[in-house]
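Engineer: Sequence:
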Amino acid sequence: MTLRIGNFSGFYGDRFDAPREMLTGGEVDVLTGDYLAELTMLILARDRLKDPSAGYARTFLRQLEETLGLAHERGVRIVTNAGGLHPAGLADAVRALAGRLGIPVRVAHVEGDDLTARYPGALAAHAYLGGAGIAECLRAGADVVVTGRVTDAALVTGPAAAHFGWTATDHDRLAGAVVAGHVLECGTQATGGNYAFFRDSGGLRRPGFPLAELHADGSCVITKHPGTGGRVDVGTVTAQLLYETGGARYAGPDVTARLDTVRLSQDGPDRVRVEGVRGEAPPPTLKVGLNRLGGFRNEVVFVLTGLDIEAKADLVKEQMGEALAKSPPAGVRWELARTDRPDAGTEETASALLRLVLRDPSQEAVGRVLSGAAIELALASYPGFHVLAPPGKGSPYGVFEDVYVPQGDVDHVAVLHDGRRVTVDAPHDTAVLDDVPPPALPEPLPPGPARRAALGLVAGARSGDKGGNANVGVWVRSDDAWRWLAHALTVERFRELIPEARELPVTRHVLPRLRALNFLVEGILGEGVAAQARFDPQAKALGEWLRSRHLDIPEALL
15 MTLRIGNFSG FYGDRFDAPR EMLTGGEVDV LTGDYLAELT MLILARDRLK DPSAGYARTF
75 LRQLEETLGL AHERGVRIVT NAGGLHPAGL ADAVRALAGR LGIPVRVAHV EGDDLTARYP
135 GALAAHAYLG GAGIAECLRA GADVVVTGRV TDAALVTGPA AAHFGWTATD HDRLAGAVVA
195 GHVLECGTQA TGGNYAFFRD SGGLRRPGFP LAELHADGSC VITKHPGTGG RVDVGTVTAQ
255 LLYETGGARY AGPDVTARLD TVRLSQDGPD RVRVEGVRGE APPPTLKVGL NRLGGFRNEV
315 VFVLTGLDIE AKADLVKEQM GEALAKSPPA GVRWELARTD RPDAGTEETA SALLRLVLRD
375 PSQEAVGRVL SGAAIELALA SYPGFHVLAP PGKGSPYGVF EDVYVPQGDV DHVAVLHDGR
435 RVTVDAPHDT AVLDDVPPPA LPEPLPPGPA RRAALGLVAG ARSGDKGGNA NVGVWVRSDD
495 AWRWLAHALT VERFRELIPE ARELPVTRHV LPRLRALNFL VEGILGEGVA AQARFDPQAK
555 ALGEWLRSRH LDIPEALL
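The numbering of the sequence shown is the working numbering, which starts it at 15 and goes up by one.
Just so you know, the hints here were simulated from the structure itself, not pulled from any lab data. Please read all numbers here as calculations on a predicted model, not as lab measurements. Don't be surprised by glycine CBs; every beta carbon is placed ideally from N, CA and C. All the given hints hold, so there is nothing to weed out.
Straight-line C-alpha distance at most 25 Å; calculated BS3-like pairs for lysine-lysine:
#, residue 1, residue 2
1, 554, 480
2, 64, 407
3, 480, 301
4, 340, 407
5, 301, 554
6, 407, 331
Computed beta-carbon distance windows for the label pairs:
#, residue 1, residue 2, range
7, 521, 325, 38 to 46 Å
8, 348, 404, 13 to 21 Å
9, 76, 454, 49 to 57 Å
10, 115, 369, 44 to 52 Å
11, 442, 106, 32 to 40 Å
Using the sequences plus the hints, can you model the full thing?
Structural biologist: Written out as structure tokens, the structure is:
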């Protein structure tokens with residue numbers, strides 16, 4: 015008995031036509047749509063400040079208008095977290111849409127994640143619920159299930175538990191579903207999108223969305239509809255497994271999945287078998303994501319062209335420093351990006367960018383002060399003075415923080431299609447997370463000639479954000495490369511290659527079955543993506559930067 019679960023959205027703004035593509039491209043039993051991220055919750059919270067009826071992903075309704083009839087005709091159930099901050103509101107809107115279209119669908123929703131009232135000053139505070147509420151809705155016959163903040167994998171664990179009759183203590187089976195859900199959650203990232211070896215991914219211009227063929231024992235095959243672009247292989251699945259994860263234990267409200275037990279194998283073209291996943295009791299606490307306003311932010315980018323780049327930067331820093339000293343904002347940050355080249359053939363490639371970012375609790379302190387000081391220099395600073403755009407008034411920025419509450423303190427409720435409310439009990443079997451003892455490393459490669467070269471010639475990487483932290487997963491595609499990587503890419507070497515991490519806590523996790531290392535860099539993203547603390551605020555390209563760095567690599571691997 016196989017359950018085919020597909021994905022049609024990896025974020026709020028993903029490919030609009032994906033639901034139709036998934037419904038018409040091949041067989042599928044359940045379609046899942048993931049719309050939520052830390053930044054998305056803040057955006058929806060700000061929307062709801064303006065309009066109390068807002069707070070959910072309106073794009074989903076427009077997609078559903080074009081595909082609800084097709085899903086009903088084919089018996090495909092839809093599960094989505096597009097409810098955001100207002101799942102009941104979206105569920106009502108789906109019912110209204112179905113009534114207008116004359117399609118008899120049963121709509122249910124999950125609530126209880128909203129803990130904002132407990133945290134004064136927070137714009138949004140939402141617990142990450144598991145899939146048990148989704149399962150209750152589906153067991154009662156729902157065709158569409160809308161949730162608020164659940165874990166991304168819950169969109170798969172819920173349907174799987176309902177279909178196969180799993181209980182809360184079926185840890186290995188649930189862990190297999192968590193791994194499948196984590197692979198599916200970011201859509202086309204599992205089928206070649208954002209893939210380090212993208213030149214190997216055929217037809218990447220429009221990769222297809224992924225689906226998992228789940229089995230009753232928790233194993234699955236990751237694949238995609240025939241004829242769609244991209245590819246599914248052990249590499250693309252490995253990359254997504256490492257995305258935004260940490261060590262061997264991948265904890266969630268349903269189960270803690272052991273990533274060090276995952277076995278991947280190619281099962282044919284565009285088919286990867288995932289098996290052997292072991293699960294453990296979930297932790298006794300739930301993660302709660304807090305979003306609040308951190309203050310106001312403003313920036314200006316000075317363009318420095320031609321000769322004497324460093325001297326020009328020093329001059330404008332000195333001039334701006336004098337102006338800002340009259341009313342100093344709380345935070346001042348300068349960054350010089352040396353994008354210039356000597357003897358450049360175009361003015362743009364002869365130019366460097368000097369970015370000034372101000373932060374302060376007061377909009378006035380980052381608005382008029384910055385715009386006045388910067389523009390007044392137009393005729394009184396370095397030769398060739400100009401900016402990419404004049405600074406504005408300053409815009410609010412958000413701060414993300416995660417806290418933890420006991421699972422039993424959250425009222426997890428499934429609101430069924432007939433209006434009945436079913437309370438979902440917290441799991442009785444829980445376990446506090448402990449670090450897994452480090453696994454044994456493989457035997458190192460024998461000594462031999464080496465050449466200075468980019469790490470990315472032999473290793474792939476994928477990176478992402480979790481609040482103010484970033485992870486960088488690095489993997490290789492052969493046993494010999496693993497024997498080298500496991501010994502060569504230490505925490506010390508990582509810090510050498512990524513200077514931003516030199517003063518930050520860095521933890522290395524070893525995953526031998528994936529031939530992978532996962533580095534967690536704490537604090538590199540400041541107060542989270544909405545605070546825009548660095549050039550790449552979500553650390554999406556941190557892994558690619560690492561791959562571009564040079565170190566001594568055995569010639570046998572090149």
